[in-house]
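**Q** Sequence:
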Amino acid sequence: MRAIQITEFGGPEVLHEAELPDPVAGPGQLLIRVDAAGVNYADTHTVDDSYLSRAALPLVPGGEVVGRTPDGRRVVALLTGNGGYAEQAVAPERLAVELPPGITDGQALAVVVQGLTAWHLLRTAARLAGGESVVVHAAAGGTGSLAVQLARAYGAGRVIATASSKDKRDLALELGADIAIDGGPEELRERLIEANGGHKVDVVLEMTGGPVFDASLAALAPFGRLVTYGMASRVPATPIQAARLMGRSRSVVGFWLAHCLSRPGMYHEPIAELLEMVGDGRLRPQIGGVYPLAEAARAHRDLRARRTSGKLVLDVTGRE
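So for the sequence shown, the numbering used here puts the first residue at 1217; every next one is plus one.
Any given hint might turn out to be false.
Here are the simulated DMTMM-like cross-link-like pairs (lysine to aspartate or glutamate), alpha carbons at most 25 Å apart as the crow flies [said to hold, decoys possible]:
| id | residue 1 | residue 2 |
| --- | --- | --- |
| 1 | Lys1382 | Asp1398 |
| 2 | Lys1416 | Asp1398 |
| 3 | Lys1382 | Glu1403 |
| 4 | Lys1416 | Glu1403 |
| 5 | Lys1416 | Asp1394 |
| 6 | Lys1416 | Glu1406 |
| 7 | Lys1382 | Glu1402 |
| 8 | Lys1382 | Glu1406 |
| 9 | Lys1382 | Glu1224 |
| 10 | Lys1382 | Asp1394 |
| 11 | Lys1382 | Glu1303 |
| 12 | Lys1416 | Asp1430 |
| 13 | Lys1416 | Glu1402 |
| 14 | Lys1382 | Glu1410 |
| 15 | Lys1416 | Asp1386 |
Honestly, the hints are just simulated from the structure, not real lab data. None of these values were measured; they are calculated from a predicted model.
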């Protein structure tokens, strides 16, 4: 089968097309003929081995696919580990979801990792209450663009989006943000408070790290929650002393989707809700680019350079 494989860690340049043996499904696993694979920012960390879980070489990146099972069912599936950038993939049966009619490949892929992440950021980690203010960093990205919409649907009082360009900020406004501001770290604390009418904010969804994390924490109101779910800048935040949290009654909550996969009610049920919202138009996944499988490196370059918005998809069938 055709696949994208890495045999050394590094940047997008280590992603190469290769012919590999077809995978074989074992007990409790499902073989999927892949139509499309999702590209996530976490994949870039896997490729340079800077993610939360360490990777072993050689490997085929990619953690989500949509395609057909041997008995003809169309499913979207989360993979445990990697293997998605390929013509065939093996997924745990428990992490495969049969798709309802009318859901496109891109929509399905947007839901299974980024949509599920956005759902848990708001529902599970932040425990958003009606009327609270929510800051969504990288609001035009795959997770951010869905989090903006979900925050609005779940009763946020004010949705504050940040993004790096006017076009991305305009998209966030179109998706339901009340205000969109530049997400650069310089004077970010002051801009967040100003965007909230001069008041500190209740919830921040943060995936950049470094000075953006620091400024976001400083902008939290008493009993505010900062949920950190990424390390896009690859720059560590300032170490947090207990007094910084106690003195303002603030919370920092870490979130990693992997911890939801084996817990009852944290996978299939949220995905079913998200697919229903997509089907009836309440949730609009943004497809930011479709790349041929062979151009996975270009997708990674565009993603790391912040040239993209929404969900990135690899077309495995050659229809792109």
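**Q** Each hint needs a verdict: does it hold in this structure or not?
**A** Checked hints:
1. Lys1382 with Asp1398: Given pair Lys1382, Asp1398 holds - Cα atoms ~8 Å apart, limit 25 Å.
2. Lys1416 with Asp1398: holds (17 Å)
3. Lys1382 with Glu1403: holds (18 Å)
4. Lys1416 with Glu1403: holds (14 Å)
5. Lys1416 with Asp1394: holds (16 Å)
6. Lys1416 with Glu1406: Measuring from Cα to Cα gives roughly 9 Å; hence the hint holds.
7. Lys1382 with Glu1402: The given pair, whose Cα atoms are some 17 Å apart, holds under the 25 Å limit.
8. Lys1382 with Glu1406: Holds. Lys1382 to Glu1406 sits at ~19 Å (cutoff 25 Å).
9. Lys1382 with Glu1224: Violated, because 37 Å separates the two Cα atoms, which is more than 25 Å.
10. Lys1382 with Asp1394: Distance ~15 Å between Lys1382 and Asp1394 Cα, so the pair holds.
11. Lys1382 with Glu1303: This hinted pair is violated, its Cα atoms lying about 37 Å apart.
12. Lys1416 with Asp1430: Measuring from Cα to Cα gives roughly 14 Å; hence the hint holds.
13. Lys1416 with Glu1402: OK: Lys1416 and Glu1402 at ~17 Å, within 25 Å.
14. Lys1382 with Glu1410: holds (18 Å)
15. Lys1416 with Asp1386: Holds, at about 23 Å.
The earlier numbered hints that this structure contradicts are 9 and 11.
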